[in-house]
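Chemist: Chain by chain, the residues run as shown.
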Amino acid sequence: MKTSIPQEELLRSGHQACQGCASTVAMRYALKGLGRRTIIVVPACCWTVISGAAPNSSLDVPLLHAPFASAAATACGVKAGLQARGDEETTVMVWAGDGSTYDIGLQSWSGAAERGEDMLYVCYDNEAYMNTGVQRSGATPMGVWTMTTPDGNRRPKKDLDALLEAHHISYAATASIAYPEDFVRKFAKARAIKGFRFIRVFSPCPPGWKYDPDKTVDLARLAVLTGVFPLYEIEAGAFRLNLAPAKLKPLAEYLAPQGRYKGLDPEALAREQGSVTERWQRLLARKAAS
Amino acid sequence: MKKVLTGNYAAAEAAALAGVQVASIYPITPATQIGERLSEMSAEGSFGGRLIRVESEHSAMASLLGAASAGARTFTATSSQGLAYMHEMLHWVSGARLPVVMVDVNRALAAPWNLWSDQSDSLSQRDTGWLQFYCASSQEVLDTVLMAFKISEKTFLPSMVVLDGFTLSHTYEPVDVPDEKAVREFLPPWRPESRLDTGAPAAFGSLAGAKDYIRLRRRMAYDMEQALSVIDDVAKEFERLFGRRYEPLAPYRAWDADTVLVIAGAAAGAAEAAVDELRRDGHRAGSLRLRVFRPFPADALRRMLHGGMRLAVVDRSFSQGSEGTFSQEIKAALYSSSPKPVTTGFVAGLGGGDITVDLLKEIWAEAHNGTVNPAETVWMEDAR
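Protein sequence lines correspond, in order, to chains A and B. So for the first sequence, our numbering puts the first residue at 1; every next one is plus one. So for the second sequence, our numbering puts the first residue at 1; every next one is plus one.
Be a bit skeptical, because a hint or two may be false.
Here are some, though not all, of the chain A residues that point toward chain B, as calculated from beta-carbon distances under 7 Å [as the list claims (entries may be wrong)]:
(1) T90
(2) G111
(3) R240
Source of the hints: derived by calculation from the structure; they are not laboratory data. Since the model is a prediction, treat every value here as computed from it, not as a measurement. By construction, the Cβ of each residue, glycine as well, lies at the ideal position given by its N, Cα and C atoms.
If we strip away everything but chain B, and leave its shape as in the complex, we get:
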């Protein structure tokens, strides 16, 4: 059924469709509507899971640690400060190998206070052992949440589905909402073999020595690596059932491009529009949207890019003392390629600045013409 939904409402719709059994909610702009919509759906009977209206984000994730350990399918949503406050719990949940799914609505981190889109919140959680998916439309939010449950339950790794604050979270778009029966076929109830059970008492999370600890982490690393093929399998099954296909990397007119804009999130739409305009002007422009960030699709990236290309990586985050997060990761992935693309990092849109078509054309031209030093981050500070 077609519905007109914002990114937030698409996320709530997906959680209900997925048959979430326990959801914990705590308000934070711009993710608040997800919990509100779930509450509304719960009151009218279209969401059958238990809602826990916790007193903090730390407790939101802690309660999901408990619920998932008891064998329930679990969900929450947050943003910015809330995600940062959860940090301890993110490590805990991934270390416990629980398939929790969470939506993060990107927002900048204080100080100073800022409510608007910025990817620093989710990207600063990159080392917590969560899969990360960056969405570019409400449809993709809904589809990715559904796929995330399946991927997480197969890999025993939690998933973070990320969408841009306001630009995506609060923008209405037509969304094809699949019916519940089809979703149940794609995503049957989760029945873990190992869970808290008084019939088979066991201790979960007990003290482990170095020998066990490193093995557990190595096993997690292996499963994270394998997650790329699980993501691929699940995407294929999803396409077979629902007709929409998602890849870890979404190239646009990139195969013959000499300079490629690399970007994640809803601003990829503006990048594609910029590419169209540049192509009309006779340039060989292309763009590449990073959809899966953890695990990092390094092989796919290497296959897609070649030494003759120039890359303009657009970062909506900055790791102080280093450079933009995507820029770091892409350079690291391409280190072994020879020859490597000349890669320049551009920081833009921090704290909610618009990433417009004009801005992206300017970034593209600077990378293309070599007017900037690729060894240095280029800050696009002017307000658009």
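Bound-form chain A, shown alone:
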């Protein structure tokens, strides 16, 4: 079968991720979309480790490690520094986890987004602080077990995408490793757009979500088909739903393989199903309106 995905590999096999880690598949596809003229800025997150300890690197593009709170600001500087040296072409990409994006680095990306800084900000969202061993973040869904919510998280997941949209950015998208062509296309597209671009990547985490590592792609696909993680993009304000199943699969199908949802009682499940359905209806209405 002929695929639209470039053959070139910019992520090496010697990385240090856990078995079944979605964020490594995501990095591989992201770099296929972006190509060699890319510099990555990584704040404290799983990728601090995955990229490799000194003097090794699992990446064939330059990487700058940045503090937890300031990946976007660091990336602004990288871009400005490159421009000062006459390089307008290189894409500067932040590759950050949800802890850095939803919580501690929010001010930094918000400033960069509002100023329209020329960068691609990617949040690989595994829905908790996984590098430190599964503590809740602002991205953790309602009812989920983590080390700091042993009886279930009490609040709904923060609507980051809405926050991003409120910054009038040039491109925002969601991407899933279960849909590689859509994934790579979005990164290639983001590469060609100027200004602040944002892609949120859904990133199932076997040890943090408590499921078998061979189920990563299945879970990523189920998240899309149940409406938990819809695939869409917003370019210069124009909304596009990339995949709209005729009928959503029941949420329970996505939750069942995950140990982190074990404590969810039927009543809570029904409530969660209700909020997923309601959000999906809003997206469909937006699709119809656009």
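Following the hints, put chain B in place on chain A, whose structure we already have.
Modeler: Same frame as chain A, but now just chain B:
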């Protein structure tokens, strides 16, 4: 060309003259004017660098981490809370061995709120691996910023150029502003061999084990030590080109003095005036201005001071649970001297209190007459 400039405007002028390529700015009293002046110069075309109007001081320094890693000459300015907020980034930038230059306009730290001059902000960053220079005039601010770029780019250590809030930052003085061509000869464009480059991909700041980590820190310590001779070389070259000479320590009528006031920053001018008055009254008074604080010029200090002297160290900072920062450092530097000067620490001018000629004469007399216990910090609390 002669211009009449405040300390803040001299700092902005110097950044533009230095050919800064990326400057990040965020407002904070009393340093705000530096970013304003750079914005104005950028709008009128006399500053060609890129200005990033960041949303916090933490991001200001983070963006310079990025820009310097990409090989650009970088600058920022801040004060007080802003510097404290940057603390994490200060360690990061020095650990990354990037020659960032920053101006800190001294101001006290909250709580309670206070806007005025006090050296606690910069001195509490002494362990972050930054060179620190304390200025006493607008001319010195301009000259020191220019020299700092050269020193930092030679040592791969960042520099903090420090000036007093309001007393220096907002006071107009005549300043000899060198022309750009002469500055470019002194300070050619920075072209680092190692930088973020897609043609030669490398990872910067990756996880390092204990064995590598301690070696990196030892190497940094060595380069910090060597920085004293770099500072000296750069000062000599600067003097050759521009006719002004700066030493790490600036003594005033100190060589035959029996009691010496030791001080840093613009208040050194008042100390020199106090020395003149005391000399007129027949006293053997002297003063010593500490200009370079990191690396600490301990050898030069030991050469300058002898056992028969008494020292009155004037601290505009206080390390709670210990004593004034300069007092600590000077006592530590003189520990191996025998006999050592009797050294008394005086804390004065915290939160912007004026350090006047009269106050300094009083401090001098207390140290000279031995009416205070050198083992205890003397607090000069009365408002002047």
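Chemist: Please go over all the hints and tell whether each is borne out by the structure.
Modeler: These are the hints, each one checked on the structure:
no., hint, in the structure
1, T90, "holds, 6 Å"
2, G111, "holds, 3 Å"
3, R240, "violated, 30 Å"
Figure legend: structure checked against the earlier numbered hints; the only hint not met is number 3.
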